[in-house]
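Participant: Residues 2 to 1083 in this note's numbering are what the sequence shown lists, from first letter to last.
For the record, the hints were derived by calculation from the structure and aren't laboratory data.
All values reported here derive from a predicted model rather than from experimental measurement.
Wrong hints could be hidden among the right ones.
[Stated by the list, open to error] Okay, derived cross-link-like pairs now, DSBU-like style, lysine-lysine, Cα gap no bigger than 35 Å in a straight line: (1) 1018 - 840; (2) 83 - 285; (3) 829 - 681; (4) 382 - 221; (5) 295 - 398; (6) 242 - 217; (7) 829 - 840; (8) 639 - 829; (9) 221 - 425; (10) 285 - 295; (11) 368 - 217; (12) 242 - 72; (13) 221 - 42; (14) 382 - 295; (15) 368 - 219; (16) 221 - 398; (17) 66 - 382; (18) 72 - 368; (19) 398 - 219; (20) 66 - 217.
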Amino acid sequence: MVHVYNCHPFSSQQIVQVEQEPGLVCCGGGALFVVATGGCKVEAYSVEREGCPLICRFATMGTVKSIRHSKIGDYLVTIEEKNSATYLRAYTNWRYQAEEKARVGVRLLGHLLRGASVRGGVQMEIIEIPLSERPVAVACCSLTGDLLVGCENTLVLFTLRRQNQQSLQNQSQQIVQSTWPNSPQSSSQSQGGQTSSNQNVSVLDFERSVILHLPKLKPKQVALCAGYVAVQAELEVLVLKLDASSEPKTFEDTPDINKADHLEDQVDFLVLQRHQELLGDRAKDCDISVSIEKTGLEDRGQYTLSYVLFRRFSPDFFQGCSVEETQLHSLQLYPLFTSKQSVSLEEPACVFCFFSLPTTGYLYSLKGGVELLSAYQYPEKVLEAVLTDHLLHVITKSALQCFTVRCAAVAARIEDPYIDTTMKACPPCSLEVCALRMQLFIGLRSVCVYGRHVILLSTADTETPEEPERNTLRRGLELKEHTMLTGIFLAVGIDPATTPALESLLSRPFLSRKWTISSPRETSTAGHGWNIYVVDTVPPLTLYQEMVEYSQRYAETNPQAQSLRHLLGEAHLLLRASLLQTSKQQENMEGESTVSPQTDAGGPAERQTAAQTDRDLEEALRQNCAQLGDCFSRSSQKDFHLALPYYRMSGLSVTEIISRNRPLPSSPHSYGAGFLFYLKHYLLEETEQSLSQEAADEVINIFSQSEPSQLVSVCACSPMTNVSPARTLQILRHLEDTAGVSVPLTITMATMMLLLDDLPQYTQLMERHAEMLLVYGFIEESRLLLHGGGGGGGQHTHIRPTALARQLAKSQPGLLVAAMVALHENNKVQLEQADHVFKELGCENCLQVDFWEAMLMASSQDPVIQELLFRLASVYIDRLANTSSDTHPNAPHTSSRRRPLKSVEDLINSCSHYGALYPWLTVLIPAHTTSCQHQEALHKLQSVLCGPSLSVGSVVPLLERLSDETLWGFSLHLLCATRMGQYDCSIEKLLDRCPQAIIAYANHQLQDKNMVLWWQKLLPELCNRTRAAADNSILLAALKETLVVVAMEMSPTEFLELIPDDGTASYFLPHLLTCSQRHLLA
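Just need the whole structure built from these sequences, with the hints factored in.
Facilitator: Structure below.
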């Protein structure tokens, strides 16, 4: 379906004053090239200047049948006829023919001019390009300047080469010196001043690179762009991708000889090919075989060929076109760059292929997957079409018409990965095309486009004397065809006269197609009334504004009309295409100035104008996004979600968007699904901006009318901090009456009471539910406690506690800690974010530690557990280092510090990472010998060190802050040494500092594999120490207990070996007797 809008894309037109009747026209490089009918002269006119003045004119070597211009290299290539022979020629440096008497050089391909021709300065060159077959069509690559020539059954690719003028002169001088070694150099020196200005001019030449053989395809038109090769026959289009590879690789694809012979046998029959469309890899399944013949003189690697697109059409006899007219035309490959690309250094982001039948045009995207973007249904027979960034220009016999294109939609998705997400949007590539207002002309024959200039060639219809003779011949062929087909049907038993459909079919002339050659009609010498028009299209911004004005008609009658949305989408793509074009405008301007010496380079004024245009386009795009957002915000269809990305791209504030979506008086309580979708997403984004009280109250009203179930989530959002609590509380109470009681709703109502400073009512509401149910409520709606962070994905600096969290920190710290633990375990907050919250609350020395202790009980992730244990050990050590151990402390901050939520006994009983205190610690440090807070920190640190999870080595450096001169400090160092397996050292230190604890230490630590230390380390150590201090009762008691243990574990013989030589027999004899009796019983 093609939409039609009454928007005029043309601004003005002028007529080019040419002296002779034009036969061919083409444009490029800011110039219009006109070839006179049947003549051998080309005239170039400037289309960028008022009045299209003549640039230059020059003669060709034959009658021009086809002409093309290449932007790269600024050369012309022609197919010419002379003396019944066809030639291919390239014209370079044609701009220097402003005076017709200027010198012209003629040379063959690959034979560069030398000697006086080079030293004489820059001149126009005519390059003869020899071919083994008659050329039919030519095309130039707009990116590389390479030349593609289509012959009868082959395609020949020529690579554009450049050689500096100075290098040619050096080569010429070397040849002269080698020929006349004694000749003076004065001539070359005299020419030095003349040639110095031309040393940087490049000389163009071509190198035949590769030949593609297509035995089953007769090219009518060809196209070349970025390695893509397109060839068009009468009813077939084939697109190939030609890549140069450094690896040797052969490509063999020989035609099926038997099949070719079989088709040759059927020469007397009409074979109608069926319609076929093969895209991507499937295109290789077509019956068109292609073989590569490399012909380059230099070995630059091999070429690989891949099929991209194949399309075959069957003749359609019922579309108002004769068989001769039913053929393809206007083949074009069109590149498109994104704003992030450099035109000169990179491949295009998109390549499009366009071709057309008389009644339908087809636009394909080739890169990133072959896809049919649009099919253009023309209202009448189209003669020619040209594709541009913004529009498709087509001509009929009497009109110029424009259709919109979808190239910008493809490029936008390649350029920006956020397209088609909640961040950004763009109308789809499949959006139906539209036709704009047409411009009427008389006798249009051809069209070409340069920038914003559309060049049209028109001639009046005049019947030549040969026309009646041609019509008589055609009627004779039609009669012969009808007789032949009637005989065929009668031979198989079918009488066409009895079947009206067959009779109608036979009345159509189509068999003559096999031997009828369709060629462009020659203009009669008696013709008159020809013109060349240069029609300027309006600037894209002007056309956009007209589309917006046109769309207001739909907006006033039906704001949800599909046509309104479609027209705004067309305007959006028009702006996107313009932004892509302006991003490359300066680069293209510089490129044109390098190849066009007569044009002025873009100065600061032009750059400033281009920058202003770019800003205007961006502002227009934002306005268009706002209008599209309005369309989708009121939509109740499946695409209402597009309101979100379009509103985001518009740059409007949420207050402005709310004002644009206020319901009409006729429907006071109706809000669109797209608007509600946008509003919910905005509130869920956790932005730093807060709505004003008026806007926040309006949001509450919107959701109370449209989606009451979302009120709790809306009230909990950070932008709603300025909402009126009294009014919101009334709405929430009404919701509770209608929907019932829920924990999140109760917490939300308590928050409103808190904002009203009504603490009794706040407390009453919070006491409605048990603490565990409140925790579940916070899990369901975490924003009641925390704002920012985006559900655990943001940085901790972006998260902050709510007023409710601050109140809980004062009145219910246990509930706050439990809620934070639950949020962490449900991935709604990260550990660093929780730490930041407690710092914001000023509770980093109390509630934060309680949170870490509670996290140890809940977490099952080993990395988190190790991190928490290290943090807690650090806190305990810091408290011990900064807290007095006196039982009556005088420091004011220690007496005012809040008691922790969990005591050491609670942690030992509920958390496996806290171990029970070793018995010898009680002997070493009697209870109530330190202050309460100091003892709490000491016991928790000892419990962590006694537990199974802490990596002791990580906290040893931290313990250096604590001196071992005190018994509690000594106990910590001894614990670490014991956990690290340093028993020998620990026994010695314990005997030195507190020998009364040695037996308790040994009974607990020297077990199992460490039992041998009783007699290997402890017994010898006690014997030595009692020998030195025989009156030490503590050591003697410890020695006696040690002998009891040793006697129970060893044999009598082993026990005797342990008794010291100077020991008293009476002291050791009872233990030896006990050992012997146990041994006998065993």
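Participant: Evaluate each hint against the coordinates.
Facilitator: Okay, the hints, checked on the actual structure:
1. 1018 - 840: Violated. Residue 1018 to residue 840 sits at ~51 Å, over the 35 Å cutoff.
2. 83 - 285: With a Cα-Cα distance of about 39 Å, the restraint between residue 83 and residue 285 is violated, given a limit of 35 Å.
3. 829 - 681: It holds: about 19 Å lies between the C-alpha atoms, which stays within 35 Å.
4. 382 - 221: Holds - the C-alpha atoms of residue 221 and residue 382 are around 19 Å apart, at most 35 Å.
5. 295 - 398: It is violated: about 43 Å lies between the C-alpha atoms, which goes past 35 Å.
6. 242 - 217: holds, 19 Å
7. 829 - 840: holds, 18 Å
8. 639 - 829: Distance ~31 Å between residue 639 and residue 829 Cα, so the pair holds.
9. 221 - 425: The given pair, whose Cα atoms are some 43 Å apart, is violated under the 35 Å limit.
10. 285 - 295: holds, 21 Å
11. 368 - 217: holds, 26 Å
12. 242 - 72: holds, 22 Å
13. 221 - 42: holds, 25 Å
14. 382 - 295: violated, 41 Å
15. 368 - 219: With a Cα-Cα distance of about 26 Å, the restraint between residue 368 and residue 219 holds, given a limit of 35 Å.
16. 221 - 398: holds, 21 Å
17. 66 - 382: holds, 24 Å
18. 72 - 368: holds, 23 Å
19. 398 - 219: holds, 27 Å
20. 66 - 217: Since the Cα atoms of residue 66 and residue 217 sit roughly 25 Å apart, the hinted pair holds (cutoff 35 Å).
Hint compliance for this structure: hints 1, 2, 5, 9 and 14 are not met, and every other hint is.
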